[in-house]
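Participant: For this one, chain R is given, so just place chains D, F and B with the ligands on it according to the hints.
Chains as they are written, first to last, in the numbering used here: chain R, 1 to 445; chain D, 1 to 388; chain F, 1 to 261; chain B, 1 to 269.
In case anyone wonders, no lab produced these hints; they're calculated from the structure. Just so you know, not all the hints are guaranteed correct.
[As the list claims (entries may be wrong)] DEER-style ranges, computed between Cβ atoms:
no., chain 1, residue 1, chain 2, residue 2, range
1, B, Ser-166, R, Gly-115, 35 to 43 Å
2, D, Lys-143, R, Val-251, 40 to 48 Å
3, B, Ile-169, R, Lys-13, 43 to 51 Å
4, R, Trp-445, D, Asp-91, 51 to 59 Å
5, R, Gly-115, B, Pro-256, 50 to 58 Å
6, F, Gly-207, R, Val-251, 44 to 52 Å
7, F, Val-178, B, Pro-256, 36 to 44 Å
8, R, Asp-320, D, Glu-178, 56 to 64 Å
9, D, Glu-178, B, Leu-246, 43 to 51 Å
10, D, Gly-358, R, Tyr-217, 52 to 60 Å
11, B, Glu-217, R, Gly-110, 24 to 32 Å
12, F, Val-178, B, Leu-246, 39 to 47 Å
13, D, Lys-132, R, Ser-325, 22 to 30 Å
14, F, Lys-231, B, Ile-169, 53 to 61 Å
Since we're looking at a predicted model, the values are computed, not measured. Backbone N, C-alpha and C define an ideal beta-carbon position, used for all residues, glycine too.
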Amino acid sequence: MTNEKKRTINRLKTMYPLRALLDEMYKGNIEASKAGKPTAWCMVTFWEGDVILKAMDVESVYPENYGAVCAAFGAAPAYLDRSDADGFPTHMCGYARNCLGYTARMMDLGEIPPGAPMGGMPKPILLLSSGSLCDAHYKWFQALGRYLDAPVWTMELPLPGVKESRIEGAYEHNIGFMVAELREFVTFLERLLSKKMDWDKLDELIDDMIEMNRVWYEINELRKARPCPMHSRDFWSSMSGSLYPSGDLKVSVDLYRKMYDEVKYRVDNNIGALPIEEKYRLLFLELPPWHSLGFFNQLAERGWNFVVESWSYHPPQPIDLTKVSDPLERIARFTYQWLTGRFPDAFNAGEWGGYSAYPYLEYAQDYQCDGALLHPLVTCRTATNHLMLVQDRLMKKLKIPSLVVEGDIVDLKLFDPVDALRKAETFEETMNHYKKVRRQEGLEW
Amino acid sequence: MVMESQGLARVREIYHDRSHRVKQLKAAGEKVIGYFCVYPVLEMLTALNLVPYRVFGDMREPITKADSCLPTVVCPFIRSALDLGLKGKYDFLDGVVMAHVCEVGEKTAHIWNLYLNPPYFHFIDTPHTVHKAAQKQHKELLKDFEKTLELFTGKELSPGRLREAIEAHNQQRALVRELYNLRKPDPPLISGTETLQVMVALMSLPVEEGNKLLRQVINEVKGRKDGLQKKTRLLIWGSIIDDVALIEMIEGLGANLVMDDTCVGSRFYFPDVELTDDPLDGLAYRYLVELKCPRTFREAVFGETKKDYMADLDSRFSYLKEYAREWNVNGVILQSVRYCDIHGYEVPQVKDYLDSIGLPSIYLEHDYSEAALAPLRTRVQAFLEVIS
Amino acid sequence: MAWFMGIDIGSVTSKGAITKDGKLLVAYHLLPSGANYRAVAQRLREELLARAGLSPQEITYTIATGYGAGSVSFSDEQVADIRCCARGTSSLFPSARTVIDIQGMSSQVIRLDEEGQVTNFVVSEKCAAGSGRFLEIIANVLRINLNDIGPLSLKSKNPITFTTGCAVFGESEAISRVAEGISKEDILAGVHMALASKLSALIDRVGLEEQCAISGGGGVNVGLIRSLEEKLGIQLLVPPQPQLITALGAAIMAEEKQKGI
Amino acid sequence: MTKVVIMDVDGGICARVVGPTGAEHRRLANRVMEEALEQANLSFDEISYVIATGYGRLNVPFADRQITELTCHARGVVSLFPAVRIAIDIGGQDAKGLKIKEGKLIDFVMNDKCAAGTGRFLEVIAAALGVKLEELGEISLKSTNKVKISNTCTIFAQQEVISYISKGIPLEDIVAGLHDAITSRVVKMVRRLKIEPDVVFTGGVAKNIGVVYAMKENLGCEVLVPEEPLFTGAIGAAILGKELTLGAMSKGEPIPRKERRLEEITFFS
Ligand SMILES: Nc1ncnc2c1ncn2[C@@H]1O[C@H](COP(=O)(O)OP(=O)(O)O)[C@@H](O)[C@H]1O
Ligand SMILES: Nc1ncnc2c1ncn2[C@@H]1O[C@H](COP(=O)(O)OP(=O)(O)O)[C@@H](O)[C@H]1O
Ligand code: SF4
Ligand code: SF4
Ligand code: SF4
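Next up, chain R with everything else stripped away, as it sits in the complex (with noise of 0.2 Å):
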C-alpha cells in the first residue's frame, strides 16, 4: 500500500466498502458451506444464473475470481503443476488450470487444501458454466467432471453476428431461446434441491440486479468528463459488486448509489482521479495485471489517467423493461441488451466486429481517449483474441494508437514493468503524433 500513500491517484472513498464485498463473499462462502447451506460454482455468466441461484437459496463461487486471488496469494503455482502433471496442456487457460489443480487437491484429501488462500472454495452441489464469450468457460467445467461428481449446467447464450441480429425475427427467437434456457435451468434446480422456485423472491431480486446496474452504469457515465473523476483502478477495485453479486443486493444498490454521489461531486467540482494534470486520457483492455496494479501509479505520475476498460465488465446501457413481467423474460432481455445494444450503431458504422470491437470505437469517442493500452494474455484466449482487430479498428477509424504490453493471468512473471514502463514512455510521443493526425483529420475532440 505504499503507493497509495504518495497518493499518485486520487481513490474512491465509496470504493472501498464495494472492495471489500469480495472479501466477504469468500468468507460468506466458507460459513455459508459450513452451515450445510449448497454450493454452486458459477462461471460469470453475465446477469443470467446469479439470481436465479439466489432465489433458490443457493452460495455462488467464483473460480475465475478464485485464479486471480490464487495469482495474487502465490498459491497458483502449485495447482497449476498439479493440473499440469494431470495432462492438462499448458496453453490453457491459466485460471483453468489452477482451478482443476485446486480441485484435485481438494479431492485427493477430501477436505480444502490446507493454506488455500481466502479459505479456499468449498466443494460444489453444481456447476453453472455458460456458453457466453469463452471457450474455457464450459470446457473447463466439463473437464471438472475428472474429479467432482457435481453436474455441470452449461447456460447457453446466443452470440450473433451484427448483420445477423438484424435478419427478421432473430431478435425475438434469440430472446425466446434464452427465456427456454433459462426455465430448463429452474426446472433442473427444482429437481436438484427438492423445492421450488419463488418467483416473487426472484421478480425483487431481478429487479434489484437491474436497478444497480443501472447506477453503475451511471457513475461510468461520468466518468466522460474532462478530467476524468474515477480511475480504472477504481473501476476493477468495485466491479466484483455487479459481476459477483454476493450477499444482499440491496446493500450493493446503496453501496453504488454512494459511489454516484462522490463521484458527481468530483465532476461538479471539477476534481480528476490525478492530483495532476491529466496529459493522457487511456482505455484499457481487458484485464488488468492484477499483481502488479502499482505500474498504473507509475503512469499516473507521468498524466496517465485511466478513464474507461473492457465493455464486458460494464454494464448494459438501461432499457425500460418494466413492462415485461416474466422474471425469466427480463433477465433475457437485460442480457442480451448487454450484448446487442449496440449492435445497431455497429451495423450503420459497418463495424462487423460486434461486440469484440465496436464497443471501444464508441467508448473511445465517448470518454475522448488518446491512446488505448491492450494487454494480451499468454493463457486467456477471451482477453487476446479480438485485441489485433481492435488496435486495427481504433487506429483505421479513429486514428488513436494502442500499446501492447503483453503479460499473464497466473505467470506473474510474464509482465515486466520496467520493460513496460520505458515502452509507456516512448508510447506518449506516439499518442502526441496521432492527436496531432487527429485534429489534421477532423477527429480531434
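Facilitator: For chains D, F and B with the ligands alone, kept in the frame of chain R given last:
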C-alpha cells in the same frame, strides 16, 4: 481431347491443386461458397446450386498477414486460413459461411467479413449444447441462413430440392463409409495418407461430382493387388488435419493409420441426415446433435442431477471403442494444434477413457506448420516402439 | 552556442555523441561496455569532451539511454532508447518511416513520423538467436573478425539452412558444418538469413513502411543488410555509423528537452 | 557425448567407453566403438547385434538398427531400477522426462529447442567461469545464499554470471543459482507427467551432485541416480539388442541384421 484421369490419380490432382475445379465451375457461371469446419449446412448450399468449398489453411506457408488482426496465441489453423484469405488466395469465393465452432472461429468469422467483404457472408451462431431449447434455436438459425441465401441467389429454397440435396449428401456419406470399410482388413487396402487426400478432394468438388469420383476410387481400391504391408494399426483423434504431412510422417515411421476421428474424415461424414417432413428438422438435428465434435457440450444424461465420470466418458466416447474394435486398432494418436481449447480440455478425458479400455495413446501438440513437425517424429517413433 | 551529449550504454558497446545547436554532430566515440557500466560511461564522457575540445560545464544537457542508462551518474535525464533511435534516424533520414534496430541483446522495429516521433514499435524477446549476439557467436567459432563477416558472407553461393532456432545449438551446428567442409561464407550467409527471417517476423507485427532504415550494431553488417533486403524486397537506408544512431538521437533529444520542445 | 556399451548374453557389461561426439559423428562413433572392442577384447565380427540410439543414431553406419533414445533410456533405467515411475534425463543436447509403468514407457516430454534447460547451459557457463564441469557439483554444495539468475537465455545468463563474479559474489552461490535455474526449467516440463516415486535421474548432468541436490529440492522427493548415469541409454540399447538376438534365435529365425558393408568395417582396421 484430354483424357480425364480417374480414381486416385484424379484425387491426387485435385489434392495438389484444390481450387482448380471450382474455378472452372465459376468460369462457367456457377457460384462457389467457402465454408469453415463442419457446422455450416451444406445441403442448403447444394439445393440452391451453390458449390460448397471447404476453406483450409496451408501448413507450408508462413503466416504473415493474419497477425495484424489475430494474435499469435490462437489456433494456427485459423490464423493460416485467414492469412490465405488476406493474401487473396480465396478471392474466387462468391461467399463464405462460418459457424460458431469455437471462440476464435467466431471472431475470425467477423474479421473475415470485415476485411475480405465477400459478396455473400453468413455466420451461424451454432448453440453450444444439445438442450431442447438449443435444438429449436438451431432450426431458427437455419431459417435465418435460408433467408440470406435466398436473398443472395434470388431463388427460393424448395423443400423438394432440399430433400434431393440431402439424399445426394447422404449418398456421399454412405460411399465414404464404404471406403472406410476398405481400411478394416489387415493390411488396409488404402493408406491414411490416400484417404485424407480423398477427403480433401471431396471437400473441393460439388457433391455429385464427388460421388462419382468416390465410386471410381472405391472400385480401384477394391481391386488392388500389391497394396500396403501389415504394420501397427493406429487411430488418430483430434483437431483438424487438412494436409497429409502429419499422416505421411506417421505412416513413414512404420504404421498404418486405419481410422480417424477428425473433421476431415469420419467426424464429418459418418452421421447421415434423417429425411424428416420438414427437412430443416433433420438437418438441424444432425448438424447440432449428431456431429461429434468436442466444441459441443454434452453430458451423460441431460438434466440428470447426478453425475458419474466414467459413465459420462462412456456416453461421450464409446464410439471410439467401436472404431477401435471394428478397425482393429493397436493404438491411438491424440493430436491437437496448439492453442485449441476445444480439444485441449478434452485430451485428459479421452486419455482416461482409452486407458480404461486398455488402448495405448499418445498426445501430440503441433503448430500447424510442416517445418515444425520434425520434433514429433521421435515421439511418434518411440510410441510405436512401445506399443509394438 | 550550446552543446548537448547523448550516452547510450548498450549490452555490448557503449556509444556517445556530442551535438551543438542545430543538431550538428561534433564528436562521437564507441567503447566496449564491459562489466562496469559506471566506469565506461565516465571514460566515454572524458573521451567525447576531449574530442570536442570542451569542458564538462560547457555541456548544456545530457541524456542517457540504453540497457545501462541507470549507471550514467552525470546525466540530466534518462530516455527510452526506442525514442532516441527514432530521433537519431530521422535526423539523418527525414524520409524514414521504419527503422530496424539490431542490438546485442534484442532487436526492435520502430515506425516513426516525419519529426522522428515514434508512431509504433515492437521489441523482440531476449533470446540470443534473435539479436546481434548470434552473429558474434558464429563469427567467434569461425575465427573471423566481426568486421569481416558481412563482406565475406556476400561471396556465398549456397547459404546453409540452420536447423535450430537456438544460438547455442547454432554454434555447434556451425562447427559441424565446418567439419563437413562447408565454406565459412556459406555458413555466415546462413546465419544472416536465419536472423533476417526472425527479424522479418518481428517487422510483420508492426508492418513495414518504406522508407526503412537500419540501425544498431546489426547495421554495420553488409551481409545482414543484404539478407534483410532480399527477405523484405526493399532497399534499406543505411547510415554511415549505424551503431551510433541511438546516442546521436539522445543528444538531439537533449537539445529538444533543453529548449522545451 | 558418444557412449558404447558391450554386453554379454547374460547381461554382463564387458566394455563401457565414452568419447566426445564432436562435429563428425560418424568417424567418432567408429573410434569409440573401436576402443570398446579393445576393452572387451573382441573383434567387431563377434558382436551379434548393434543398436544405435540418441540424437546422432542415424549417423552410426555400422548399426543393425536405430531405436529412439526414449525407448532405450526407458529400457536402461528399468533394468537398473525396476520400480522406476519417472525418469529424468538431462544430456547435453536435450532434456527429457519419461513416465514408466510396469517397466514400460507410457509417456514422455522433451526439450531440444532451447539450450537453457539442457546440459549445454552448464557447459557454456562453466566454460565462461573457467570451472570444470566435474567440479560444479562440489562447488555449489558450499553455497549458503544462491543467486537468482534472471536471464533465461544461456548466452545472456552467461553474461549475467560474469557480472556477478565482477561484483564479488561468491562462486558457490552463483553455481548453486545456475543449478537451480536449469533444474527448475526441467522440472517444470517434467511435471506434466505427474511425478511419482521412484524418480530416477540420468544423463551426463546427473553426474553433477549439485543438480541432483537441486532436483531433490525442486521435486520435494528422493531422486535415484545410477552409478554411471551417462550410460543408461547405451545399456538400454544393448539390452534391446540382446533381446532381439535371443528372440530370433529361440524362434530359430535368422538375426535381423543389416548387411554390414565392407567399406565401413574397414574403418576399424
Ligand atoms: N564491426 C562490426 N561488424 C559487424 N557487426 C558488428 C560490428 N560491430 C558490432 N556488430 C554487431 O552489432 C551488435 C551489437 O550492437 P549494438 O547496437 O552495439 O548493441 P548494444 O547496444 O546492445 O551494445 C553485435 O552483436 C554485432 O552483431
Ligand atoms: N563429469 C561430469 N560432471 C558434471 N557434469 C557432467 C559431467 N560429464 C558430463 N556432464 C554434463 O552432462 C552433459 C552431457 O550429457 P550426456 O548425457 O552425455 O548428453 P548427450 O547424450 O546429449 O551428449 C554435459 O552437457 C554436462 O552438462
Ligand atoms: S480464458 Fe480468460 S475469459 Fe476464459 S475463463 Fe480463462 S480467464 Fe476467463
Ligand atoms: S482447431 Fe480448435 S481452435 Fe482451431 S478452429 Fe478447430 S476447434 Fe477452433
Ligand atoms: S533458444 Fe538459445 S539463444 Fe534463445 S533463449 Fe534459448 S538458449 Fe538463448
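Participant: Do the beta carbons of Gly-115 of chain R and Pro-256 of chain B sit within 50 to 58 Å of each other?
Facilitator: holds (57 Å)
Participant: A range of 22 to 30 Å was offered for this pair. Does it hold for the Cβ distance of Lys-132 of chain D and Ser-325 of chain R?
Facilitator: holds (24 Å)
Participant: Just to be sure I understand the hint, the distance between the Cβ atoms of Trp-445 of chain R and Asp-91 of chain D should be within 51 to 59 Å; is that true here?
Facilitator: This hint is violated: roughly 39 Å between Cβ atoms.
Participant: At the C-beta level, are Val-178 of chain F and Pro-256 of chain B separated by a distance inside 36 to 44 Å?
Facilitator: Holds: the Cβ-Cβ distance is about 37 Å, inside 36 to 44 Å.
Participant: Against the range 56 to 64 Å, how does the distance between the Cβ atoms of Asp-320 of chain R and Glu-178 of chain D compare: consistent or not?
Facilitator: Hint holds: Cβ distance 60 Å, inside 56 to 64 Å.
Participant: Looking only at beta-carbon atoms, does the pair Ile-169 of chain B, Lys-13 of chain R fall within the given range of 43 to 51 Å?
Facilitator: Check passed, 47 Å falls within 43 to 51 Å.
Participant: Given the hint of 24 to 32 Å, is the C-beta distance from Glu-217 of chain B to Gly-110 of chain R inside that range or not?
Facilitator: Given about 29 Å between the Cβ atoms, the range holds.
Participant: Has the hinted range 44 to 52 Å been met by the Cβ atoms of Gly-207 of chain F and Val-251 of chain R?
Facilitator: holds (51 Å)
Participant: Is the hinted range of 53 to 61 Å satisfied by the C-beta distance from Lys-231 of chain F to Ile-169 of chain B?
Facilitator: violated (42 Å)
Participant: Hint says 52 to 60 Å; check whether the CB-CB distance for Gly-358 of chain D and Tyr-217 of chain R agrees.
Facilitator: holds (57 Å)
Participant: Does the hinted range 43 to 51 Å hold for Glu-178 of chain D and Leu-246 of chain B at CB?
Facilitator: Distance hint for Glu-178 of chain D, Leu-246 of chain B holds at roughly 46 Å.
Participant: Against the range 35 to 43 Å, how does the distance between the Cβ atoms of Ser-166 of chain B and Gly-115 of chain R compare: consistent or not?
Facilitator: holds (41 Å)
Checked against the numbered hints above, the structure violates hints 4 and 14; every other hint is satisfied.
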